[in-house]
Amino acid sequence: MTATLILLSAALITWGLRIVFVALVPAGRLPGRVHGALDDVAPAVMGAIVVTHLAHGQGLAGIAVADLGAVAVSAVVALRTRNLAATVMSGVLAAGLLRLL
Amino acid sequence: MSVALEASAQTGRLVDRSAVRDILPVMVSVMPFAAVIGVTIAQTAALPAWAGLLAGPLIYAGSAHLAAVSLLDAGAGAATILATVAIINARLSMYGAVIEPHFRMQPAWFRWLAPHFLVDQTYALATARSDLDDAARFRRYWATIGVVLGLGWTAAMATAVLLGPVIPADSPLDFAATAVFVGLLVPRLRERVARRPAALAAVVALVAAPLPNGLGLLAGALAGIAPSLLTRRTS
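Chains A and B, in that order, are what the protein sequence lines are. The first sequence begins at 1 in our numbering and counts up one residue at a time. The second sequence begins at 1 in our numbering and counts up one residue at a time.
Because the hints were derived from the structure by calculation, they are not lab data. Possibly wrong hints are sitting among the right ones.
[To be verified] Just so you have them, the derived chain A footprint on chain B, three or more residues with Cβ under 8 Å:
| # | region |
| --- | --- |
| 1 | 40 to 49 |
| 2 | 58 to 64 |
| 3 | 84 to 94 |
| 4 | 97 to 104 |
| 5 | 117 to 126 |
| 6 | 134 to 140 |
| 7 | 175 to 189 |
[Claimed, not checked] Label pairs and their calculated CB-CB ranges:
| # | chain 1 | residue 1 | chain 2 | residue 2 | range |
| --- | --- | --- | --- | --- | --- |
| 8 | B | A90 | A | A61 | 22 to 28 Å |
| 9 | A | L8 | B | W109 | 19 to 25 Å |
| 10 | A | L100 | B | V203 | 28 to 34 Å |
| 11 | A | L5 | B | E191 | 42 to 48 Å |
Just so you know, even glycine gets a beta-carbon here, dropped at the ideal spot from N, CA and C.
Just need the whole structure built from these sequences, with the hints factored in.
What follows is the structure, encoded as C-alpha cells:
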C-alpha cells in the first residue's frame, strides 16, 4: 500500500512540474531574460539526451565506437530525408551491424 | 475537395493522421525501454505488479518511473524516492514553459490535463512542427501523440511484466531511442543559433554523465541555456 501511495505521489509531483508554467504561472509572465532563453531549451535538451544515451552513465569511457558510427549514419539520414522513421530504422540497423564488427 | 471543406473535415476528425505518422516510429523506439521497466516491476517484491503498471500511464515518464521502482526495490524511503522523481523530471517544467503558447488559447480542462502528455518525445515532435498555431489543430495533434504513445508504452510494459525479459540483452533496439533524438536534433542544427546550446549541453552532459538520478542530463540542459539566460537583455 505504501509503495502504491509513493508511486501515486510521484505521478502527482510529475504532473505538477508539467503544469507549473502552463496553467499556474504561464510562461508569458516569466521575466524577459528567462523567456528569451526558452528558444535554447529544445536543442540543449536534445543534445544532452543524445550524449546521455551514448555515455551509459560513464562519461567518455562509456561511449562505444559502434554507437558513434550509428549516430553518424542516422544524422546523415535525418539531414537528407527529414524522415524520423527512416532515421530510426537506419540508426538501429547501423548499430546492429557495427556492433557485430 | 476545397481548402475550406478539407479544413472542416480535419476539424471534425478525432485523430490527427499526421500526428499518428509522427508518433508511430517514436512509439516503437520507446518500447524496449518500457519493456525494461516492465521486467523491473515484475522482479520487484516491494511492489504489486498492478501498481507498478498503473504508474506507467500515471507518471508517464520512463526514467523517473524506473528510478522510483528501483529505489522501492532497494528499500529507499518515500522522501528519497519523491525527491529523485522531482529532480529527474525537473526538465518537464522547462518544456512546459516553451510549449505554453500553444496552451494559452485552449479550454481550461485542456490546460490543466493535457500537459500530462509532456515528455521528451512529444515535446520534441510538437516544437518541430510549424503548423500547430490553430488551437483546435494543436489540441487534436497533442492528444493524438499523447494517447498513442501512452497506449504503446503501457502495452509494452504490460507485455514485459507478463512475459518477462522479451528483449534480448544484445539487441540493437536500445539504440532506437538515441536515433529518435538524433533525428529530431540534427535538422535543427541547420540554424546557427541552435548549435551553441546543443554543443554546450552535450559537453556538460558527457562530463556529468556519471552523476546519479539523471542529474547529468539536467546539468547538460541547464548549461546549454545558461549563456542566453545570463546575457540576454530583458525586453
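Is it true that A:L8 and B:W109 lie within 19 to 25 Å of each other by Cβ? Because 21 Å falls inside the window, the suggested range holds.
Per-stretch coverage check for the region 134 to 140 of chain B, three Cβ contacts closer than 8 Å to chain A: violated (count 0)
Three residues minimum, CB to CB under 8 Å: does the region 175 to 189 of chain B make the cut for coverage by chain A? Let me know. Coverage by chain A holds here, the residue count being 15 at a Cβ distance below 8 Å.
Taking 8 Å as the C-beta cutoff, is the stated coverage of the region 84 to 94 of chain B by chain A satisfied by three or more residues? Coverage by chain A holds for the region 84 to 94 of chain B (8 residues, Cβ < 8 Å).
Regarding B:A90 and A:A61, is the given constraint of 22 to 28 Å on their beta-carbon distance met? For A:A61 against B:A90, whose Cβ atoms are near 27 Å apart, the range 22 to 28 Å holds.
Verify the CB-CB distance for A:L100 and B:V203 against the hinted window 28 to 34 Å. For B:V203 against A:L100, whose Cβ atoms are near 30 Å apart, the range 28 to 34 Å holds.
Does the hinted range 42 to 48 Å hold for A:L5 and B:E191 at CB? holds (46 Å)
8 Å C-beta test of the region 40 to 49 of chain B against chain A, three or more residues: Held - the region 40 to 49 of chain B has 3 residues with a Cβ nearer than 8 Å to chain A, which meets the minimum of three.
State whether the coverage of the region 117 to 126 of chain B by chain A holds or is violated, taking the criterion as 3 or more residues with Cβ-Cβ distances under 8 Å. holds (count 4)
Examine the region 97 to 104 of chain B for residues whose CB is less than 8 Å from any CB of chain A, and state whether their number is three or more. holds (count 7)
Count the residues of the region 58 to 64 of chain B whose Cβ falls closer than 8 Å to any Cβ of chain A, and tell me whether that reaches three. Holds: 5 residues of the region 58 to 64 of chain B have a Cβ under 8 Å from chain A.
Comparing the model with each earlier hint shows a violation of hint 6 alone; every other hint is respected.
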